[in-house]
Every structure is written in C-alpha cells, then in structure tokens.
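There are 2 protein chains.
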Amino acid sequence: MSETTKFLLSETDLPKDWYNVSPDLPSPLPPPLHPGTKQPIGPEDLAPIFPMEIIRQEVSQDRWVPIPVEVRDIYRLWRPTPLYRAHRLEAALDLPDRVRIFYKYEGVSPSGSHKPNTAVPQAFYNKLEGVKRIATETGAGQWGSSLAMACAFFGIDLKVYMVKISYAQKPYRRALMEAYGATCIPSPSMDTNAGRTILANDPDSTGSLGIAISEAVEDAATRDDTKYALGSVLNHVLMHQTVIGQEALKQLEMAEAWPDVVIGCAGGGSNFAGLVLPFIREKMAGKDIRIIAAEPAACPTLTRGTYAYDFGDTSMLTPLVKMHTLGHSFVPAGIHAGGLRYHGMAPLVSHLLEHNLIEAQAVKQRAAFEAAITFVRSEGILPAPEPTHAIRLTIDEAIRAKEAGESKTILFGLCGHGHFDLSAYDSYLSGSLQDYEHPQEAIDAALAELPVISA
Amino acid sequence: MSETTKFLLSETDLPKDWYNVSPDLPSPLPPPLHPGTKQPIGPEDLAPIFPMEIIRQEVSQDRWVPIPVEVRDIYRLWRPTPLYRAHRLEAALDLPDRVRIFYKYEGVSPSGSHKPNTAVPQAFYNKLEGVKRIATETGAGQWGSSLAMACAFFGIDLKVYMVKISYAQKPYRRALMEAYGATCIPSPSMDTNAGRTILANDPDSTGSLGIAISEAVEDAATRDDTKYALGSVLNHVLMHQTVIGQEALKQLEMAEAWPDVVIGCAGGGSNFAGLVLPFIREKMAGKDIRIIAAEPAACPTLTRGTYAYDFGDTSMLTPLVKMHTLGHSFVPAGIHAGGLRYHGMAPLVSHLLEHNLIEAQAVKQRAAFEAAITFVRSEGILPAPEPTHAIRLTIDEAIRAKEAGESKTILFGLCGHGHFDLSAYDSYLSGSLQDYEHPQEAIDAALAELPVISA
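These protein sequence lines are chains A and B, in that order. Taking the numbering used here, the leading residue of the first sequence gets 1, the next gets one more, and so forth. Taking the numbering used here, the leading residue of the second sequence gets 1001, the next gets one more, and so forth.
Check the hints yourself; a few may be wrong.
[Said to hold, decoys possible] Examples of chain A residues toward chain B, derived with CB under 7 Å:
{"hint": "1", "residue": "Thr5"}
{"hint": "2", "residue": "Leu77"}
{"hint": "3", "residue": "Pro110"}
{"hint": "4", "residue": "Arg133"}
{"hint": "5", "residue": "Ala152"}
{"hint": "6", "residue": "Ala175"}
{"hint": "7", "residue": "Glu178"}
{"hint": "8", "residue": "Ala179"}
{"hint": "9", "residue": "Arg223"}
{"hint": "10", "residue": "Val376"}
{"hint": "11", "residue": "Arg377"}
{"hint": "12", "residue": "Ile381"}
{"hint": "13", "residue": "His419"}
{"hint": "14", "residue": "Leu422"}
{"hint": "15", "residue": "Leu429"}
What the hints contain is simulated information worked out from the structure, not anything from laboratory work. From the three backbone atoms N, C-alpha and C, an ideal C-beta is built for every residue, glycine too.
Excised from the complex, chain A in its bound form (with noise of 0.2 Å):
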C-alpha cells in the first residue's frame, strides 16, 4: 500500500465563497408560491420567519457569496474534511488498478454529520440582525443537534419541537440538544395551537415531522424575538453545504484524479446538493461526469415521484415549491435512515433532475447495509444510514466497471458516522431488517392528493 490514503487541506484552504448554482442553470427555477393565493411570493412574504440575508440567499443571482469571516472561524473547527482514496475497500472488492474510489467524509464534525455546514451560517445571520430566539423541527435529531450547536457558539437560545416518537425512542439525541443548551420538547406540544388542535383530536399522537415544522414555524411568526431555521431543502441551505464539493475539487486535483462519477445520498437533498453542485458546473462548463443521487427505495422521491407543485410539509402550511414529490401526504416507511424519509425533493435539484444533469438510483435498505459492512470492515469508519445508499451504488459501479474492463474513478460522498444508529446495525446483523417498497398504488393515492396550481 503506502500510496496516500488520506487528502488534507490547510485552514488556508477552506473556501472563502459559497457556490450559488442559480445563475448557471439553463433556464430559472420555478418560483414557490403562496399557499393561500397560489400566487408568486415575495421576500415580505418569508420576513416573518427567516431573517434578511437568508431571504437574500435564497432568491440571490451571484454566483459567489462570501462566507462571513465569523462562520470560517467555526468551519475550521472541522474544516477542510478529509477526502479519502478508498484503498482498503478496493482491496476488498478486488478491483484492478484502473478502478478508484474516493470518498468525501463530513463524519469529523462535532456532531458526526454535514448539518453543521448550515446550521452556523443559519445561526450567525440570525445573530447580526439582532435575533434572540429560533425555533426548529427535528426528527431524528442531527438537524437539531447540529442547530444546537451553532446556536450554542452564538449565544442564541433554541427551542426544538422534536417528532413525539423519536423523542421517547431516542432520549440520547435529546441529551445531546440539551448538553449544547438547547429546550427540546416532544411534538404535538400544548406551547402551540398547531400542537393543541392535533391534541384535542388525537391525545396520543406520536408527531410527525409536518406536525413539528407547523409548530416551530407558528413559533416564529408569534415571536417577535424569534425567527424559524430549515435544515435541508431551500436554495440558501444547499449552497452552504457546497463547501464539501468545493473541498473535494481541490482534494481529487491533489490526487490528480476526475472523478467519472459522483454519487450522493439524497433526502431533502442537501446533503447531496453540497457534493455535486461545484461538479454540476463543471459539467455545465463541459467536463465529462455523470451524478447519481441515491435514495431509498421506501421513500422513492426521484424515481417515482412526479415534477410538480406540492406542500414542503403535511399540514399544508408551506409556500408551494416544484419539486419532486410523492405528496405531502405520503408516509415513508420506518427505514433506519431518517434523514432520507422527506416526500419531497430540493426544487434545486429536482430542477437538475429534469434537465437531465443528474440522474437517480433507489436503493434497498438490506442491500444498503451489506454494502457498509464491506466498507467498515475494510475502511473502518462506521458510515450513517444515508449514505449507505451511496456505498451500495459505489459499489455496484466499481463492479460493473471492474467486470466490463473499464477504466473508472468514482467519488461518493460520507456525508456522517453511524455511532448514533447502532440499533440499525444490531437490526441488520440479527437478521430481523426488512426492506420496503410502496406499491404503487400507495403512491398514486398520495399523488392524487397534490394541490391544482392553474398554469
């Protein structure tokens, strides 16, 4: 071996600008509109809820926005990420010299993901315009606890109405909230009206996360001191997390490599979007590169979703945005890999999508977890449940290559560590893991349910 295995930048290297993909599309995203009068929104519309710059990034044509010196000061705490040439992996898998594989890992963050890459610049904003308070949903909690954090560094206090199942199931997420200083309380909660009337019909409900993004966002527009924060989904959120791709451009140039492949879990999407929009424009600009988004096959949003105007939550609350969706009324099942069960899909890269930049893969949650078995056991570090879909599609592509005497590099994205989901390994490695996948008349039904928009 003793080739370099590891792909270090210095501090000095960490990017100085965000990536904003908007000016570079070939034809302009669909714009969100009001969920009332269905007609387009504008900034005053979002005032109530998010502060100015965020307003500002999320309908912003620069293609370069700088990153506040405050917020580099953070990223560095973990910045630049390492990129990885998967040597030990390759051995695993037997694959002949002309067949690489490297991966971006974003596992080194304080809390074991890429959710801090938003959270500090979401944070941040909220503190120069003078904002006391946010308030957020959270699932799982990586979202929650990643805003905990940021928060944390700045001195902002944090409430976070967290899913009522996932808070009983998963009481250590909640510990985590609170170790960085965070209110984490079950939701549907009795501090809202949007938690009490889902109470007063159904006193034992166990939460969803529509139910909590309507309780947060009710939060922050009934709070004069409080503005409301999304870890996944909008524009401003993706392009912070574009410092990973950014990052991995320089990394493969220091291994003189092209990745002929990138490929990238996809949930709200912007884990993925962070990846591969600094590929994407160099695909616009000519370069020869394919992108795959990997989803799960339980919650098929790209592969069997439609293109159209839908709720971002499934209360119907939300601004409408066109996207990729299975309905807002479409109920994943309980795989393991909570930070990939959204309905819908980024409007970025759902706009991606149909232009044909990138393509998709569903991947089953049994072939998800064989796949990171091969890859702890020979690179070591335990991979979350999303991005397992990416390794399994990695894989599969250094096999076919490998077997069609190609010559190929592939580059994934690890985009966190698993030491929070064990229970997901215990349940595959017992035997008792079972995969998933909607009929599709269960998908059609929740379709159905998609609002009219006139055109």
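Using the hints, position chain B against chain A.
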C-alpha cells in the same frame, strides 16, 4: 478571532517510531512476578498468550521502536490527529491572553477514541506470527470495538468476552463489534472453565472485568491458534500510544507554544502515558513542565492507593506487577467514566509518580461533567466521560493562573468523543448524577488483601 485554531500535520509527519521511556527512567521498573512462585517472570511465561514481538516490546530497552509500514498505513486513516487551540473555551472563561489552552483530540479515529493506536499494532504482530484468532475482554466496549476493527483489517477472528451487565445494558457497543465481524459473548460464559465455575456458584453473576480477563486469558492459553490482547496497563500498550504525545510536541512547535502544564486522564494509564511520555522525556532533559494525571474520586488509584505488588485482575490469575493500587478486590462505584474504573495503574505511570515526574489529582464526576458542559458549549465537541476529568483540572488551572496574574499554557488530552455516552450527559443534565467517594475504611479493607511479597 481568525487566529489558527487547528494545527494539522501532514501524513509525512506521522511518527516513524514509538517512544519507549524505559531506557530513560531514573531507575529500572521492578520486574513482574509469577502469580504462583512470586519470582520474576520471563518471556517463556508469556509466550502462550502473547506473540513474541509484543513480549520483546514489553521488556525492550530501545528508546525508539520503529512503527511497521503496515501499521502506519492504517494509522493514516485518522492520524495525525488535530491539536486545537481552545480559543472559544478561553473566551468562555474570560481568560487573558497570557493564559492559553490547547488540546489534542483522538476522537477522530473510526472508533472514536485513542484505543486503535495500540489495537492496530497488536493485531498486526499477531498476524505476522500466524495467529488466526485473538481473545480479549471488554467492559463498556471501547477496547473491544477498537480491536474488532483492527482484526477486521488483518483478517483475524476475534472473540470478545464482554462483562455481562454491560452486554445487556449496551447492546449497541456489541453491535459495533459485530459490525466489524467480531464475536461478542456475555461473561461469565459457559465457554471456559473460569466462566463455568463462576456460573456454577452464581448462575445470576453479572460479571466483572476480572472475570472477563480470566476467560479471555484461558481461551488464549488453551488454544494453539489463539493469543490474548490487552488494551492498557502494559508497557507495550503505553508505548504504542506515544504517537499522541509525539504529534502534540510537533504541533505545539507549529503553534510556537510550550506547555507549562500537560493534563491527561488516567484509568489503566495508556491514554495518559501516550500523551505525556514524550513530554516526560523533555522534562528529564531539563525542560520546565508539570504533568498531571486526572483520575476519578470514585477510583483514586494514584491519590489514595498504595505502591505495591498486586494482581492485574480480581481473580488473581495474572502476573503480579508493582503499581499504585487500591487492591485487586476493590470495586469502584458505577461512575460513567467506565475507562477509569480500574483498581490499579500502569506500572510505568506508577513508577513516574514515585519519582515525582508526574502529579495526580482526583476529580468528582459532577464537577467533571460541569466542566464538560462549559467545553461542549464553547468548543462544540462532546467529550467522552473519561477526558472530562482532564477538562475539569484544565479549567481550574486556567482560572487559577488568571486570578494569580500568571502566564500559563496548558495542554490537555481529549481522548475520545462522547457520542456513545449520552446517557451519562442525560443523567447529569437531569440532576440525577451522583458523586461517589469511598470511605477510607473501604479502601483500607481492600488494601489489607494485597498479596505479601518477601523482598
């Protein structure tokens, strides 16, 4: 801010040798004694359970022992590890410029702690000598999972005897070992004479580290294809960990800083020694430096134990070593810092204390977690319960220097992240965490059972 925060070395700066302090000691280490004859043991006594290269390293008088290229290839998956200037912690403590805090972070390893630094070479030397299978014990699972990873890299079968109560309480640590391919069973088990004997007398035994050691040693001693491996205490284990301190020395040079104080937590002693031995060498060469071992008040080996020959296990099967001990029958309270719950201390560390080359201070766990909360809310990284003891002493030293108007640079070891330990934080934050301090009679009673060695 905008000053350098994270001092990173390149792969080429990874140490090429381990530092062996033995030839530099002011007097030789007292020899280990045979548990039956009470006479000094020789290599032949250890050959049934350890590979020859490990035995050679255990008694080596070479100051520098080359790190094999195969081991360095794996080290570089996570090494060199970062050294941080704790700018944000300093700000949170309102320290003047003349008081500076640095920390060396080992939590970036795949298993989240310093343990792989010795697991990898131990597995490698076993592989070299044709060993097909290793047996070991584990308490909470940090050592078991690190050795499981190392064995996966070299294709060695691993059987881990895990203390039964931990096996039941921490199914996810078991799942991590199994993800790496190891077999993990609760101890006492029916697989060994030692286990069967215990179970015959007490079918409900919840096990202990002492029992698990007995089972693993018996397993290795009675099978030709199997050796035993230990995760702390012994000289070779401490030596493998010196990559930590060697890197820290280089990184402080980059930072143009010299530490007035170095602080590490000490359980069996390998993490502490790994950080401080390279600084001990500088101290013996005349450099001005204080070196402090942070231990739990609930298991105060160095501060309240005695320096005497004692058994390494509670079952009195291991060789006798001269060390600071609370007596092999001492049962520490159930503090969350499982890695610090050992009745003895590495003979090397004990010897350094006898020669006044180090100091020791005991810390209560509530005070330790209080410091950890200050740390996580400023630096972002959630510490494992063990290094919270070092953080407590670091903060105390810093505040004292600030109040006394002194200049002071402090380095401490952050040997692991706390993502596996959120139940401990939950317990602290909910107010249910208790302090434990053993009454002197309990310690005296255990010390009365020390073996009598004729001089």
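Okay, the hints, checked on the actual structure:
no.	hint	result
1	Thr5	holds, 5 Å
2	Leu77	holds, 6 Å
3	Pro110	holds, 4 Å
4	Arg133	violated, 16 Å
5	Ala152	holds, 4 Å
6	Ala175	holds, 4 Å
7	Glu178	holds, 5 Å
8	Ala179	holds, 5 Å
9	Arg223	violated, 23 Å
10	Val376	holds, 5 Å
11	Arg377	holds, 4 Å
12	Ile381	holds, 5 Å
13	His419	holds, 4 Å
14	Leu422	holds, 3 Å
15	Leu429	holds, 5 Å
The earlier numbered hints that this structure contradicts are 4, 9.
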